[in-house]
Amino acid sequence: MTDLAISTRGLRKTYRTRRGKRVVAVQGLDLDVPVGGVHGFLGPNGSGKTTSIRMLLGLIRADAGAMALFGRPVPEHLPEVVSRVGAIVESPKFFPAFTGRKNLELLADAIGAPRRRVGEVLEETSLGERGKDRFKTYSLGMKQRLAIAATLLKEPDLLIFDEPTNGLDPAGIREIRETMRSLGEQGRTVLVSSHILAEVEQVADTVSIIGHGRLLASGPVSEVIGGTGKTTVKLVIDDREAATSVLTAAGLTVRAEGNYLVVDGAPDPADITRRLAQRELYVAELVPVRADLESVFLELTADEGLAAGDGTIGGQR
Amino acid sequence: MIRLTGVELRRLVARRLVMLGVAAVLGVTVLMLAAAWWNSRPLSAEDQQQAKAQFETAHADWVKNHEKYDKECRDSYASQPDPKPPVEEMCNYTEPTLDQWGKPQTVFTEVMPELLQGSSYLLAFAAFLIGASFVGAEFSSGSIGNWLTFEPRRMRVYASKLAAVAIGMVPVVVVTLAILLAGTYLIVAELGVTAGTTGKVWGNLLETSGRAMVVVAVAGAVGGVLALLLRHTAAAIGVIMGYVVLVEAVFGSILAQVQPWLVRLNFDAWLKHGTTYYVQNCKSTPEGYYNCESIEKSLSFEHGAWYLGIGTVLLLALGAFVFQRRDVT
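Heads up: the protein sequence lines correspond to chains A and B, in order.
Mapping to my numbering: the first sequence position 7 is 7, numbers consecutive.
Mapping to my numbering: the second sequence position 114 is 1114, numbers consecutive.
To be clear, the hints were calculated from the coordinates, so they are not data collected in a lab.
These figures come from a predicted structure and were not determined experimentally.
We put the beta carbon where it would ideally sit given N, CA and C, even for glycine.
Treat each hint with caution, since some may be false.
To be verified - Footprint (simulated), chain A over chain B, 3 or more residues, beta carbon under 8 Å:
#: 1; stretch: 1008 to 1015
#: 2; stretch: 1144 to 1150
#: 3; stretch: 1321 to 1328
Claimed, not checked - Listed next, with one range per pair, are the computed distances between beta-carbon atoms:
#: 4; chain 1: B; residue 1: V1214; chain 2: A; residue 2: G10; range: 43 to 53 Å
#: 5; chain 1: A; residue 1: E285; chain 2: B; residue 2: T1329; range: 50 to 60 Å
#: 6; chain 1: B; residue 1: V1170; chain 2: A; residue 2: A64; range: 38 to 48 Å
Using the sequences and the hints, build the whole thing.
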């Protein structure tokens, strides 16, 4: 038994544009997704997330590298493990003129799932009432829920959600987030790809960050966030000018933010209070600011010469 | 594979466009029967009277002048330019009969093969459209990607889709041709001539219907393959329409010698168990004239079968190769 749901080594994919130019979408991606829990797959638009997922699912061919799902090499052995994998790649795509139920019935029949399972997954995704309506009449949130219902037909061990909250309203985002969390808590493995950092941070147990089709960081969210070894604190102090001079002289970054001074780059909060106390400057209030995934992400992508949110950067070297 | 084909058949039947297509085919079949009835109707009493009067005039003229016409024709035969038919054929003034005037009676054994051929064209075109829309819709909606996450064995997916279209067209062909055969027979039995409709004739008609069923099923699969290759229903229809107009109609009419290598004639050869076509044979005569004559040529059933069979296999193989290797995005 493998303890990895997904594993890739040296995965590579290049596209040729209409003008004949070669574009590297994924270059040597090494990705490990442990079995169980929610794993965030994070990267700016165009960083190769969807391409990697498509390769895992056998929708596109890798140029080089190796992939495995539950220890079975894919795409060679994909038919053997596909029953354990449910996936939504980008936007949900069904037959628009068929009802939600009809779409699910066709998929259930294709994999030999019992028809009663269709009703169950519709209920699980709160679509029981709307199952008889045509897919094209569904809101984006309902389409997303139907896609989740489709993945649940297989009762999969691994669920892959590619940008699952794209275009959803806040209520829809929350609903999908709760669904993903719930699936992870049921012991399934959920891989959620996103460029929305807060989304991943709220649901993921582990995370992999990619840029330019390469892995930049990976591990438990807490470790990846703490990986910089630096702290940010907000403090209140009477003599702000003197405090700023002391901390700046110590090589820390200081900026004013309302009544607070925000100090970046200290190894820990005690280091700041010690330096100030040595100059008889006493802190009235000190609040550690937890390093978040966003800052880590920006730091990592900045190291790679990337800009988060810039949809043009991926694979354009 | 059988399960997948069953699912695809259910999807085929559930498609509204398919149902509309089948309804249109049945509607046109009813129109064909209406046309058969219209053409088989006897003339009105007034028209019959008029035809009889014209016959009597012509007959009287023949009685009075046919010897004179015969002599004049034979006298002038030598002076007619060559090439010319034999004198007995050229100067043949036979006695007119009443059935040469008015409307000829419809004969079942004559009209039915033509109707079957026309209906086969209609069914093949409808099958092509249905096959193209059935497969093209999956690519334009993107649902093929979703489908492949449930069944990643692409050759099974490919074969099941084409098999579903082909199998799905069989009952449509059976019902349509049964309505056409039975309806035409009943109409002609009432208004025309069904004498000579022996067991052998029925056997030939059923054989033709069977061949029509095969070619219609293939047309459906070909529509599916083209939509798969071009990823869009409209593109597949556009390509086939362009081919029909440019190659079959324009090129085929300009260069008559290529007709044996065009789809339409091979379709006819397959359907009718051999067919004929005409080419112009033009040459200069010793007298300095430049004459053209139409020469009838035949195209065998075997030629049609091999031509359509090889073409279909190549297209299916190309579709399989492309679908197996193509990135689905």
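Structure-based check of each hint:
1. Remark: the stretch 1008 to 1015 of chain B is confirmed as covered by chain A, as 4 of its residues place a Cβ nearer than 8 Å to a Cβ of that chain, reaching the required three.
2. Using a Cβ-Cβ cut-off of 8 Å, 6 residues of the stretch 1144 to 1150 of chain B lie near chain A, which meets the minimum of three, so the contact claim holds.
3. For the stretch 1321 to 1328 of chain B, the assignment as covered by chain A holds, since 3 residues bring a beta-carbon within under 8 Å of that chain's beta-carbons and 3 suffice.
4. For V1214 of chain B and G10 of chain A, the Cβ-Cβ distance of about 50 Å falls inside the hinted range of 43 to 53 Å, so the restraint holds.
5. At roughly 53 Å, the beta-carbon separation of E285 of chain A and T1329 of chain B lies within the given 50 to 60 Å, and the hint holds.
6. Between V1170 of chain B and A64 of chain A, the C-beta spacing of about 46 Å keeps the proposed range 38 to 48 Å intact.
Hint compliance for this structure: no hint is broken.
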